[in-house]
Each structure stands twice: as structure tokens, then as C-alpha cells.
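Colleague: Chain by chain, the residues run as shown.
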Amino acid sequence: MKIISSWSFKNKDCTIDAEFIETGARDAGFAKFYDQKIRPAALEFEKIRLKYRKDFLIWMPIATIASVIVWIAFFYVEKSSFQTNYGDKDNQYLFGFCCIISAGFFYMPYRAWSQFKSKIKSGLFVHIFNFFQFSFDPEGKSADRWALPRFNILPYYDNFTSQDLVLGKYKNVDLGFSELRATVETRDFKGRKNIKQVFQGAVVIFDFNKNFKGHTLVKDDKGFLGNMIQKTSHSDDFGNLSRVELEDLEFEKTFQVFSSDQIEARYLLTTSFMERLKKLSSYFESKKVEASFHKGSLLLIFHDSKNLFEPNSLFKKMDVAGECRKVIEQISLLFDIVDILKIDERTRL
Amino acid sequence: MSGNLILIIAILAAFYFWYTIIISRRNKALEALAGVDVQLQNRLELIPNILTIAKKFMEHEEKIFTEVTKLREQLSQNYDSKNPEELKKHLELAAELSQKMNNFMVRAENYPELKSSQNMLQAQQSYNEVEAQIAASRRFYNSAVASLRNSIQIFPGNIIAAIAQVKTMPLYEATEAAKKPVDAKNFL
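Those protein sequence lines, which keep their order, are chains A and B. Numbering of the first sequence is given in our numbering, commencing with residue 1 and proceeding in unit increments. Numbering of the second sequence is given in our numbering, commencing with residue 1 and proceeding in unit increments.
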């Protein structure tokens, strides 16, 4: 039986129509929750969207016109300085000054958009995660608690920023999600400092506390030479892992598997696990997904994934039910992974 | 003269290289076989518990109890892992036992009291876990045997294998009966 929640609200400022249809055990009871918790919040956010859209529409033309004036002035001054023999350095300073002024003008419309995103994150998505008894911290800075380098799957980094930290539990398995940007500091031959981004995307961690003892890596297939370089250039631990050749040719085309335990690798990498992994990758709109099983924990990394838990646009009415559905599907797939890997309980029938 | 010598050294080096590949692949296959045996042993240790729990409820299923017990006894006996014939027989017995146990589990479904027994549920969970481990170790074993076969069946691997007395190893395959879908009518 499908349970439908529907409601409609109209006033002079905004219009909201929404419907949430329960489709299975995973979202059972959500329609009621939606009516009680999401509905009032969504209505408020639609009003906020209209307010920030108004701010944006006021500030954007002002910023554009002001910037155009600044740049016309810059070119005029530059032209006259050419005639009056001003130094190149003065022009460089002026150019930098104009850039800063222009950026300053665009700060106001940018602020309208970022404040709107922040309000949606801290309000609407928190409610959705609360349904699953998950916590959601949009400013979540605590991804370092997971000691990610031990998984040997992220490129070497010496600094990172994280956001959208989701924490929860499912069938006694601790689950965590975060968006992450990892960087490494390099120096050129003149000793100047450069910050290079080595990873941007989403990470998901499952802490099973037991079940597997070895280390298994599912890496993106980079071709014969690429894989050799990848393996030799990585840390010692990765270098000690041996290649696992799986029977699934489709999977072998996409991934390379390395493990300290050949049997355990085959035990973990079942067909259903691989299917869920590919599906998750498409949900996260990621260019590639990689996985690392390490001493009872699993880390999934989604390279260049889309920013999740954010509204799409200031100019479109939010599809609240659609956003709820998307988050539920993502969480559902994470739960599927737990079910597949919950080795002490699975039946494999 | 020196050219001939270089050619002979190169051929000998190539033969030696091939020989090391064959030996390392055989050792890998034996290692994989040891992994299979560990899991088969786990299953053998689990089966008496399952039979003991089920016996109280499945009094009219004497035949399958006897078959499983007999196969278990046969499988418990030692075998020479370097003798392909003995190994083949050992793996066939393992596959047959797996098939019989699957039939047994399907029959157990007909006994609601047994099905709901907490002990049986736990035993079934452990059994499924062991079966999953057997499947994983079998995949590793078959992959290692396939590599070994490639190295000893392609010329000059066949000559080197004959000199080194390395024999091919059988694949661990499911029995013909196990490949067929289970027909529930047979168990009703």
C-alpha cells in the first residue's frame, strides 16, 4: 500500500505543493514525518528563498554595473598612462585594485546565495537525517576522527577541509559521511609555496568493528602502466598488497583489486556489493569510486562528486519531496552496503 | 662461437624463467587449496551440530542424515594434494556434500518448529557463513589453478612441467546436480 502525504499552501508571496509517496520498508513512516516536520520547515524555506532571490536580484545588477564602470575607468586610466608614460608597475597595482573592487561588488549577491544554502542545509536536511536518527552538521570539521590515511586510498595530503558531516548507526554499524577537499603543500624551485588540490569529493566510512582483518583496495583501473606506477608510487602498505584477479570481466575493466588476503577479498567483493557500489557512484554523480577495507572498516571515496545536500537554484521552487526522496535513496544504498557486508548476519541465499 | 653461446645461455635463461613461473604458480595453487581445506574442515565441524539439532524434528528423513554422515566421513579422510586423481575425488566429494547439505536445508524448511528453533537459526547462520567462505576460497583456488594450467599447457611449459614433474590440478566445480535449480516438488 502506498502512503501519500500531500499538502498545499498558497499566499501572496509563495506557493508550495508537495507530495511524498512511501515506496518501501526503508521510508516507512516518512510520509507522516514529512507532514509533521518537513512541511512547516519547507514552507519557511520557500519564504527565505524568495527573500534571498529578491536580495540577489537587487544586488546582481548593481554589482555588474559598478564593475563595468570600474573596468571602463581602468582602461581609460591605462590608456592615458600609456600616453603619459606611467610605469608598468603602477598599472599592475591598478589592475589588482580593480579586481578587488569588482569582487567586493559581487560579494552581496554571493552572500545572498550562500546564506540561502546554509539555511537550507541547517534546517531542511537536518530534519531528513533526523528521521533516520542521523546527525547532520553542515560545518562538520571532524572528518579527521576517522584517521583516513590508514586506508591507503586517498592520495597523500597534508591538509584538508570538510563539510556536511553526517553520522549515524545502522544495525550496530557506525556510518559516517563527509565532503572533503584535501590539499598538499609543494614548493617550486624558487622555494615559493603552492597549494595543490589532490582530492575533492565525498567519503563514506562504515565501521563494522570486526568481520574482516586484512586490507583490500578497490582502485580505479588506470591501465597496465598506470597501475604499475600507482602501486610503486604509493606507500609501503599498498606495495605489499597483491593483485586479486576477479572473474567478473566487467568489473575487471573498471577496477583493479589489491589485497593482503586473497580469500577475504573474494569474500567481500560479491556481485551484489559491486552493483551497489556502481549505483552509489551514479547517485553521488561521481567520476569514479574507490573502496578500501581495512581492519573492520570500509571507506568509500567518490572523486569529484557533486555537492550534496544543497538546493539547486535560487530561482526555482524547491522540490522538497524530491530532495527527501534523493537523500532517502542515498541512505538506502548505504544501508544496502551494510546489509551485504554484515557478514555475521547475512544469509547469502 | 660466442654468438651460439649467447643463444644457448638465453634459451636456458628463458627455460629457467618459465620454470620459476610454473613452480610459483603451483605453490600458489597449493596455498589456495590449503585455504579451501581450512574452510571445508570448518564445515565438517559444523555439520554434526546441525544434524543433532535437526534430528529431533526430522525423524522421517533418515536417508539424508545417512548420506550426509557418510559423505562427511569420506571427506574427513586424508588425501595426497599432489596427486591429481585423489585431489579431484576430494573436491567432488566436497561439492557433493555441499549439494546434500543444500537439499537438507531445503527439507528443514518443511518443519516449522525446527525452522523457528533458535539453535537451528544460529547453526544455519554459521553454516551460511562457512559456505560463503568456501565459495570465496574456491574462487581463489580456481583462479590459481587456471594460471597454473596456462603455464604448463603452453609450449615449452609442457616440456618444463614434465621435467619438473608438475601436474595440472583439477578445478573445484559445483556438481552437476548443484548447477540445476532446486525443484521444490522433490522435497514436498
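Mixed in with the good hints, there may be bad ones.
[To be verified] Here are the computed lysine-lysine pairs in the DSS-like style, where the Cα-Cα straight-line distance is at most 30 Å:
#1 A/K117 / A/K54
#2 A/K253 / B/K28
#3 B/K115 / A/K171
#4 A/K213 / B/K28
#5 B/K115 / A/K222
[To be verified] Restraint-style ranges between C-beta atoms, simulated for each label pair:
#6 A/T254 / B/H60: 47 to 55 Å
#7 B/F17 / A/V198: 36 to 44 Å
#8 A/I21 / B/L121: 49 to 57 Å
#9 B/E173 / A/R243: 47 to 55 Å
#10 A/D221 / B/H60: 51 to 59 Å
#11 A/S242 / B/N4: 48 to 56 Å
#12 B/F155 / A/V198: 44 to 52 Å
If you are wondering where the hints come from, they were derived from the structure by calculation, not from laboratory data. Bear in mind the structure is a predicted one, so any value in this text is a computation, not a measurement. A virtual CB, placed ideally from N, CA and C, is assigned to each residue, including glycine.
Colleague: Evaluate each hint against the coordinates.
Modeller: Each hint, compared with the structure:
1. A/K117 / A/K54: Since the Cα atoms of A/K117 and A/K54 sit roughly 15 Å apart, the hinted pair holds (cutoff 30 Å).
2. A/K253 / B/K28: Holds, because 24 Å separates the two Cα atoms, which is no more than 30 Å.
3. B/K115 / A/K171: 23 Å, holds
4. A/K213 / B/K28: Roughly 21 Å separates the two Cα atoms, so the pair holds.
5. B/K115 / A/K222: 49 Å, violated
6. A/T254 / B/H60: 47 to 55 Å: 51 Å, holds
7. B/F17 / A/V198: 36 to 44 Å: 39 Å, holds
8. A/I21 / B/L121: 49 to 57 Å: 35 Å, violated
9. B/E173 / A/R243: 47 to 55 Å: The hinted range 47 to 55 Å is violated for B/E173 and A/R243, with Cβ atoms some 24 Å apart.
10. A/D221 / B/H60: 51 to 59 Å: 55 Å, holds
11. A/S242 / B/N4: 48 to 56 Å: 40 Å, violated
12. B/F155 / A/V198: 44 to 52 Å: 48 Å, holds
Consistency note: the structure conflicts with the earlier hints numbered 5, 8, 9, 11.
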